[in-house]
Amino acid sequence: MSKFLQNLKFQQWKRFFKILSFKERIAFFVFALGIILALSFLTVNFVLSHTQIQATSGGVYKEGTVDQQPRFINPLYLSDRDIDRDLVELIFSGLFKYNEQGEVVPDMVSEYQVKDDGRAVEVYLKKNIFWHDGQPLKAADVIFTINLLQDPQYQSPLRTKWLGITTEEMPNEGVRFKLPKKYGGFLENLTLKILPRHIFQDITPQNVPWSFSTPKYLIGSGPFKFEKIIQDRSSGYVKEIILKRNDKFYNAKPFLQKISFALYKTSDDLLKAVQTKEIQGFSLLDLKSSPKIDNFKAYDILIPRYFALFFNQGAQSNKNLAAINVKNALALAVNKEQIVQQIFNNKASQEISPILPDFYNFKKPSTSPNYNPQSAADLLEKAGFALNPATGFREKALPAEKSFIFKKNLTFRNQGQDVTELQKCLAKFPDIYPQGEINGYFGENTKAAVIKFQEKYTAEILAPSGLTQGNGEVKQGTRDALNKICFSAKTSNNVLEVTLSTGDRFPLPEIAAIIQSNWQSIGVKTNIKNASLTELQTDVLAKRDFEILLFGEALQAVPDPFPFWHSSQKNHPGLNIASYSSSKADSLLEKARESQSPTERQGLLQQFQNVLLANSPAIFLARPNYIYFLDSSIKGFATEKMIEPAKRFSAIENWYMKTKRVWK
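FYI, in UniProt numbering the residues of the sequence shown are 1 to 664.
To be clear, the hints were calculated from the coordinates, so they are not data collected in a lab.
If you're wondering where the values come from, they're calculated on a predicted model, not measured in any experiment.
One thing to keep in mind: the hints can contain errors.
Computed cross-link-like contacts, DSS-like style, restricted to lysine-lysine with a CA-CA straight-line distance of at most 27 Å [stated by the list, open to error]:
| hint | residue 1 | residue 2 |
| --- | --- | --- |
| 1 | LYS239 | LYS216 |
| 2 | LYS138 | LYS115 |
| 3 | LYS258 | LYS297 |
| 4 | LYS62 | LYS253 |
| 5 | LYS529 | LYS570 |
| 6 | LYS570 | LYS248 |
| 7 | LYS408 | LYS456 |
| 8 | LYS635 | LYS660 |
All chains should be built: construct the whole structure from the sequences, respecting the hints.
This is the structure we're talking about:
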C-alpha cells in the first residue's frame, strides 16, 4: 500500500512538472530555493542566538625561548634565568598568587585573616589539594617549606624576607604566621611556592639540591606537571621541556592539554620557528628586533622594574660626585627619550622616581629634571669645572700644594726621611753637593753641603741672623730657603672624570653607551667598565666597588622601596647599593612598610620620593614593558600588569585553543 502511495505521489509530481511551462518551472524552483534558504537562515539564527562559544579542553601550547638552559628549577632559589622561573610558576603553587592586574589574591587559601594590628596572619587551605604524585598537600608542607628556607644551611636567597617570622600549625589545615613587627606587604611573601614535605623531609638542608633536575624532585601542586625533557644526545643540550595538564588541579582545570618550551640557541633560530609556525608564543629581550609577524599579537605588559644610575655615597666614591651640582648636572644631561626610543623601541616609560608613580598611580614628585644639556653645562661651570678646548673635557684648577715641607731642625748625625729629602734637594746643585749621596744619614758630606748652601744664599739665610758663614745646621732660615728653592708649589688640574660600571648583557651596555655620549657632550670624561653577572655580584655589588653603577631594580605588587634605600641595608647583602643614608627617609620607609592602609602608605612613599630626589643619590632612567607575542590561536590571555615575566602564567588555567558551542 505504501509503495503504491509513493508511486502515486511521484507520478503526480511528474505530471505537475510536465504541465508547467519552462518559465513556470524556473519560478517554482526560485520560490522553492527561497523557502529553503529562509528556513536555513532561521535555523542558523536560532542556533546562534540561543548558543554561545565556550572554551573547551584541548590544544598544545609551544613557546620558544633563546639562550636559556635550565639551571635552578627551585622555588626557594632565585634563578636569574627566565626558563627556570617559568617552570617553577607552572609546576608549583603558593598560598597566594598574582592576578592579571598584578594584585595579590588567594590561591591555595580558602580564607585568611590579618590579626594583632598586622603582626599575625592566619590562613586556611582549600580542601582536596594534591601533589602531582597524588599525595595530599597539608599545612605541614607549608611549615616545612618555610623552615627549610629559614635554615641558614640551605642558603636560600629568600631567607632575609622571612627572618624573625614564626609559623604555627592550626586546626582545619590552618597556619598562623607571627611577624616580629608590622609589615603591610606580608601577603606578598605568601606567594612563595610550597615544596612537598614527604619528598624532602629526609634530606638534610645542606643536601637539598639547588636544582630539581630530576622527575623525583619536580613534584608540585601547580596547574601543570613535568612530563619529559628532550636533549641532544651528543651535547646534552636541552632542546625541549614538556609539561602536561594537572587533571587534579584544585582550581579550575586548565584547558590546555600540554605546554612545551622549545629552547633555541639564537634569536634567528627562534624567529625561523615563528615563521614556520613551530611555536605559538615568545618574547625577545632586545625590543629593537621585535618583528611584525602575521597571526601574532604583541601584548604590552607593565612590569615594576626600572633601570637607574646609582652614585656610590660610600668611602670609595669619586670625590667630584659629592658635589650636588655635579650630580644634578649629570642628571640634566641624560637623554631618557633617546634611551626609550633607541634601546626599547618606545616600549618603555621614562622614569623619575624610585616608587614608579605611573605604575602605582602615585603622585609624581614635586620636581624632576628634564633633559637640558645647556643647564647641565651651566651647573658644571658653577661648580668650577671649565671646559678645556684642547681635550674637550672639563677641569678644575686645584690649590697649589708642595710635595714636601721641612718642618723640623736637622743637625749632624740625624737620620730619617727628612735627611733623605734634604740630600735630594742638595743633590740638585753639583757645586754644593758633588757627592750626591742619598742615604738618609746626616754625615760630614751632608754637613759640608749645607754650609755651602747657606753661604750661597747668604742674603736669605745668614744675613737676617747676623751671620757671615754657614754652620751646617738646618734651622728656621735654612728650612725656609730649602722649602722655597727645592719644593716650590705646583698647580694641577682636576679633570672631571667618572667611571660607569654595569653588566655585559642587553640592555645595560647599550644604555651605558648612550649615557657616555650624553655626558661627554657636556665635557665629562666617561669611562665604561662592563662586568659579567658573577663579577657584578661578587665584586661590584658585594664590595660596593664602583663610582656610578648602571643597574636595574624591581618592586613588588605592594611597593616597598625599604630594601633599596633604608640605611640599614647599606652593607652587603643589603640592596641599598648607593649606600644612601637619610634619617628622614628611613623614618618614612619604616612607617610605610608597617602601614596596613594603602592610602596612608601612598602618602608616606610620596613624601619619601621627594626627600630622596632632593639628595640625588641616583638618576632614574626608564621602566621597560614586557612584550609578549602570542599566536592568534591562543585565547584567554588578559594579563595587564605583573611583577616579573614568569607571572604571565599566573592565570594559565584561562588560556585556551579549542572552542565549542553550548546552549545558553
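Outcome of the hint check:
1. LYS239 - LYS216: At roughly 21 Å apart (the allowed maximum being 27 Å), LYS216 and LYS239 satisfy the hint.
2. LYS138 - LYS115: Holds, at about 22 Å.
3. LYS258 - LYS297: holds, 21 Å
4. LYS62 - LYS253: holds, 19 Å
5. LYS529 - LYS570: holds, 22 Å
6. LYS570 - LYS248: Given pair LYS570, LYS248 is violated - Cα atoms ~46 Å apart, limit 27 Å.
7. LYS408 - LYS456: Satisfied, since the Cα-Cα distance of roughly 22 Å is no more than 27 Å.
8. LYS635 - LYS660: Holds - the C-alpha atoms of LYS660 and LYS635 are around 13 Å apart, at most 27 Å.
Of the hints listed earlier, the one the structure fails to meet is number 6.
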